[in-house]
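Peer 1: All chains should be modelled from the sequences, with the hints used to inform the complete structure.
Numbering follows full-length UniProt numbering, with no gaps: position 515 of the sequence shown is 515.
Rather than coming from a laboratory, the hints here were simulated on the basis of the structure.
Hints are supplied without guarantee of correctness; some may be wrong.
[To be verified] No farther apart than 30 Å at their CA atoms in a straight line, the calculated lysine-lysine pairs in the DSBU-like style are these:
1) K429 / K484
2) K513 / K502
3) K396 / K258
4) K116 / K128
5) K170 / K149
6) K235 / K423
7) K116 / K392
8) K170 / K423
9) K473 / K521
10) K484 / K473
11) K149 / K502
12) K484 / K521
13) K262 / K245
14) K429 / K149
15) K116 / K213
16) K132 / K170
17) K149 / K226
18) K132 / K392
19) K262 / K392
20) K521 / K502
21) K392 / K414
22) K502 / K473
23) K245 / K116
24) K132 / K149
25) K521 / K486
26) K136 / K414
27) K484 / K513
28) K116 / K132
[Stated by the list, open to error] Now the in silico label distances, taken between C-beta atoms and shown as ranges:
29) S474 / S167: 25 to 35 Å
30) P257 / S179: 16 to 26 Å
31) N347 / N178: 47 to 57 Å
32) N225 / S474: 49 to 59 Å
33) D82 / N168: 32 to 42 Å
34) K429 / E176: 27 to 37 Å
35) K235 / N347: 24 to 34 Å
36) K235 / L166: 39 to 49 Å
37) S179 / K149: 40 to 50 Å
38) E512 / S474: 11 to 21 Å
Even glycine gets a Cβ: it sits at the ideal position worked out from N, Cα and C.
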Amino acid sequence: MPKRSRDDICDDSDSSDDEFYLESDTIDDDEYISNSGNISNDGEYREVKVELDEVRVKNENVDIDNVWRNLIIQDENTRNIDFTSGSRMPGPQISTNCAEPIDFFKLFFTDELINKLVEETNGYANEKIAEKHLSKHSIWLKWTDVTTKEMSAFLGVVLNMGTITLSNLKEYWSTENNSRIPYFAEVFRRDRFLQIFWMLQVNRNARHATSRKQKISYYLEYIDNKCRENFVSGKQLSVDEAVVKYNGRMTFIKYNPKKPTKCGIRMYVLLDANVGYIQSILPYFGSLTTEILVRPDLPISRRIILQLYENFLQSNPEAAGYHIYTDRLRYVTKLGTCGTSTRKTFNRRTQEGEIVNINQPNVVINHNKYMDGVDKADHCVSTYCFMRKSQKWWRKLFFWGLEICAINSYILYKVTQQREDKKPMAHLKFVRRLVDQLVEDFRDGSINKPSTSGTAERLNGLLHLIRRNDEGKSKDCVVCSNRKIKGGRRESLYYCNTCAAKPALHIGDCFEKYHTMYEYKTINVIKFE
1 MPKRSRDDIC DDSDSSDDEF YLESDTIDDD EYISNSGNIS NDGEYREVKV ELDEVRVKNE
61 NVDIDNVWRN LIIQDENTRN IDFTSGSRMP GPQISTNCAE PIDFFKLFFT DELINKLVEE
121 TNGYANEKIA EKHLSKHSIW LKWTDVTTKE MSAFLGVVLN MGTITLSNLK EYWSTENNSR
181 IPYFAEVFRR DRFLQIFWML QVNRNARHAT SRKQKISYYL EYIDNKCREN FVSGKQLSVD
241 EAVVKYNGRM TFIKYNPKKP TKCGIRMYVL LDANVGYIQS ILPYFGSLTT EILVRPDLPI
301 SRRIILQLYE NFLQSNPEAA GYHIYTDRLR YVTKLGTCGT STRKTFNRRT QEGEIVNINQ
361 PNVVINHNKY MDGVDKADHC VSTYCFMRKS QKWWRKLFFW GLEICAINSY ILYKVTQQRE
421 DKKPMAHLKF VRRLVDQLVE DFRDGSINKP STSGTAERLN GLLHLIRRND EGKSKDCVVC
481 SNRKIKGGRR ESLYYCNTCA AKPALHIGDC FEKYHTMYEY KTINVIKFE
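Peer 2: What follows is the structure, encoded as structure tokens:
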């Protein structure tokens, strides 16, 4: 198969040429100075003088990106818009009954949404299975409809997988001594989990829809509404671009070599700049998104910010006077409509341990302070994140939305605890308690069996009983069989009835080794004649 070019994967001819970053590497100093006119509040151009720092003048080898360009201009008094959050006070808009992680999580991922997933998943699975000609060994012959309790447990297991990173999904059900994690096999049989994973559906009617975003739009819009409903941000907001990694052939996939995740689906987020709460989300589907954005007379980058802010105001139309901070990949200049050109000096320790004085403009200080909310959210999402390879792009957005719900749940919990002068639990502890509350007593794997390690169980020194398979079916002996080598397969009709896994074993040495030796596996050697 020929190698795909970047243009094949990431082309989106329908979108605007204006991107969310500046390509200014080709601008020289003379061009910058000659084009540095400014616009006054009344819309008329006025001349400003651009003066480089003395260091820049004395040493031409200094990197110009690390030198401030000072605009010698008198500050003018501008009209300030008083901040008001309208009829809703800034902060969580939730009931005082919310105390446990599950209470906060259900504010976003509600029972209504879970019931919707159950209905769509069951309908989609039954339709797909009916269309297929299944072999007698197909796992889909054993499909049963998902229940709401089972779906909640499925979501809990997915969140738990985000805290324990393994190479692929099947590794969570590994039976090897050095990698076995009993929890996942006890909650779900591997085949059942994979059944739900591959049949998971948000909108099964979108299979025949003409618009690609219909596959996931209901789900993302629902989460977006709940994010705006449950929290009102303070005065400072920040906007940033998140990239959900995906390398498939979709026209709205974008490539950016300056990002850690170079190719993926762009998601724009509006956050509370102080606590990092994700206030609103906006997925970018190329021209389908561009067509519905406000202010078609403006470049796409500005329209996205205005659209996020307009969505934000839908939950609180009386709000006004917010300060929005945005970011770019390369700092060319700083522009703000609030604050002044005054500077502040503070101390900073260099890598060599030396204390130096740093003089920064007020607009830079505010930007660094309030863009920190983006870093808080990014850190939480990347710390315990479940993202797996999938051929379906909308699955990526589904699990991304699930992570957003978990992150906002923790932030709401943390804010409420701090307001009550209580110490909140750590993020990892919060997620693990949420997992337990979602799963509860659901057990599809080893029902009514204790949570014991396979090694501890087989080496417990107690009596183990061997039985013969009544159906006459033989299985690979866990001790001496090895399918990785030619002629290495060894089968037995007998198994240990005491061990939970019911391992197939040969009577005699294999049975004894399995229950007395830590390293019981026989190494089969290929003999050459």
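Peer 1: Confirm or reject each hint.
Peer 2: Right, here's what the structure says about each hint:
1. Of the supplied pair hints, the one linking K429 and K484 is violated, its CA atoms being roughly 41 Å apart against a limit of 30 Å.
2. A threshold of 30 Å between alpha carbons decides the hint, and for K513 with K502 the separation of about 15 Å falls inside it, so the pair holds.
3. Among the hinted pairs, K396 with K258 is consistent with the structure: their alpha-carbon atoms are about 22 Å apart, no more than 30 Å.
4. For a cut-off of 30 Å, the pair hint linking K116 to K128 stands: about 18 Å separates their Cα positions.
5. At most 30 Å may separate the alpha-carbon atoms for a hinted pair to count; K170 and K149 meet this at roughly 23 Å.
6. Of the supplied pair hints, the one linking K235 and K423 holds, its CA atoms being roughly 25 Å apart against a limit of 30 Å.
7. Of the supplied pair hints, the one linking K116 and K392 holds, its CA atoms being roughly 20 Å apart against a limit of 30 Å.
8. In summary, the hint linking K170 to K423 is not supported, as the alpha carbons are separated by about 38 Å, beyond the 30 Å threshold.
9. Between the alpha carbons of K473 and K521 the distance comes to roughly 22 Å, so the proposed pair stays at or under 30 Å and holds.
10. For a cut-off of 30 Å, the pair hint linking K484 to K473 stands: about 22 Å separates their Cα positions.
11. Distance check on the hinted pair: K149 and K502 sit about 28 Å apart at the alpha-carbon level, within 30 Å; holds.
12. Between K484 and K521, the direct Cα distance comes to roughly 13 Å. Compliance with the 30 Å bound is thereby established for this hinted pair.
13. Simply put, K262 and K245 have alpha-carbon atoms about 8 Å apart, close enough for the 30 Å limit, and the pair holds.
14. Of the supplied pair hints, the one linking K429 and K149 holds, its CA atoms being roughly 23 Å apart against a limit of 30 Å.
15. Proximity of K116 to K213 is assessed by CA-CA distance (about 18 Å); at most 30 Å being required, the pair is judged to hold.
16. Under the criterion of a C-alpha separation no larger than 30 Å, the hint pairing K132 with K170 is consistent with the structure, at around 24 Å.
17. The straight-line distance between the Cα atoms of K149 and K226 is roughly 22 Å, inside the 30 Å bound, and the hint therefore holds.
18. Annotation: proposed proximity of K132 to K392 holds, straight-line Cα distance about 19 Å (limit 30 Å).
19. Between K262 and K392, the direct Cα distance comes to roughly 18 Å. Compliance with the 30 Å bound is thereby established for this hinted pair.
20. As the CA atoms of K521 and K502 are separated by approximately 16 Å, the hinted pair is consistent with the 30 Å bound.
21. Our distance criterion of 30 Å between C-alpha atoms is broken by K392 and K414, whose separation comes to about 34 Å.
22. Pair hint K502 plus K473 holds up; C-alpha atoms about 13 Å apart against a cutoff of 30 Å.
23. Under the criterion of a C-alpha separation no larger than 30 Å, the hint pairing K245 with K116 is consistent with the structure, at around 26 Å.
24. Restraint check for K132 and K149: the C-alpha separation of about 28 Å stays at or below 30 Å, so the hint holds.
25. The suggested pairing of K521 with K486 holds, with an alpha-carbon distance near 17 Å, which does not exceed 30 Å.
26. Taken as a hint, the K136 and K414 pair is broken in the structure, with Cα atoms around 52 Å apart against an allowance of 30 Å.
27. Between K484 and K513 the alpha-carbon distance is near 21 Å, which keeps this suggested pair within the 30 Å criterion.
28. The hinted pair formed by K116 and K132 meets the criterion: a straight-line CA distance of about 25 Å does not exceed 30 Å.
29. At about 31 Å, the CB distance of S474 to S167 agrees with the hint of 25 to 35 Å.
30. Distance hint for P257 and S179: a CB-CB separation of about 36 Å, inconsistent with the stated range 16 to 26 Å.
31. Checked against the given bound of 47 to 57 Å, the beta carbons of N347 and N178, roughly 50 Å apart, stay inside it.
32. Checked against the hint of 49 to 59 Å, the C-beta distance between N225 and S474 comes to roughly 56 Å, which is consistent with it.
33. Look at D82 against N168: about 55 Å separates their beta carbons, and that is not inside 32 to 42 Å.
34. Taking 27 to 37 Å as the suggested C-beta distance range, the pair K429 and E176 conforms, at roughly 29 Å.
35. Distance hint check for K235 and N347: the Cβ-Cβ separation is about 28 Å, which falls inside the suggested range of 24 to 34 Å.
36. For K235 paired with L166, a C-beta distance near 43 Å keeps the hint of 39 to 49 Å intact.
37. At roughly 29 Å, the beta carbons of S179 and K149 sit outside the given window of 40 to 50 Å.
38. Judged by the Cβ atoms, the range 11 to 21 Å given for E512 and S474 holds: they are separated by roughly 20 Å.
The structure shown violates the earlier hints numbered 1, 8, 21, 26, 30, 33, 37.
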